[in-house]
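Colleague: Sequence:
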Amino acid sequence: MEQPWLKALHVAAVLLFAGGLLAQSLAVAAALRDSVSPGVLVRLRQWDQRVTVPALLSAWAFGIATALGEGWFGAGWLSAKLLLVVALTGLHGLQAGALRRLALEAGRPPRGLGRAPVAVVLSLVAIAVLAVAKPF
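The opening residue of the sequence shown carries number 1 in our numbering; numbering runs sequentially from there.
Among the clues, some could well be false.
Pair ranges (Cβ atoms, derived) [what the hints assert, rightly or not]:
{"id": "1", "residue 1": "R50", "residue 2": "V11", "range": "16 to 22 Å"}
{"id": "2", "residue 1": "A61", "residue 2": "G90", "range": "33 to 39 Å"}
{"id": "3", "residue 1": "A126", "residue 2": "G71", "range": "18 to 24 Å"}
No wet-lab data here; the hints were simulated from the structure. Each residue gets a CB set at the ideal place from its N, CA and C atoms; glycine is no exception.
Based on the sequences and whatever the hints tell you, model everything.
Modeller: Written out as structure tokens, the structure is:
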């Protein structure tokens, strides 16, 4: 069954989440090199709370509804996509905590987050390929 509006809302939510996640990744990576102002971190944290988190929750809700409506659960490509989506959701949580600490000047982000922007971009590309091509 085609669900064009549900798919469109899912894609819109994913775009907002992806943009916020990438901005978050870049800010945390820049903070590792002390090249971002505290004011920018505070504003990015506000954006994260007001836009990125609701977009993340909406993307999950619309995505699950779409997958149920289309009967996609059990498909290999969806399982692979969901694995990446869970990883990005977890990364968002780690980065949100790092942003909170940085905005409150209560510490530095974990060193492992320095390469997060590359991981975000590669994961988003893989998710897009899986969602469109449905290779397996």
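Colleague: Against the range 33 to 39 Å, how does the distance between the Cβ atoms of A61 and G90 compare: consistent or not?
Modeller: 18 Å, violated
Colleague: Are R50 and V11 spaced within 16 to 22 Å by their CB atoms?
Modeller: 20 Å, holds
Colleague: CB of A126 to CB of G71, is that within 18 to 24 Å?
Modeller: 23 Å, holds
Going down the numbered hints, you'll see the structure goes against just number 2.
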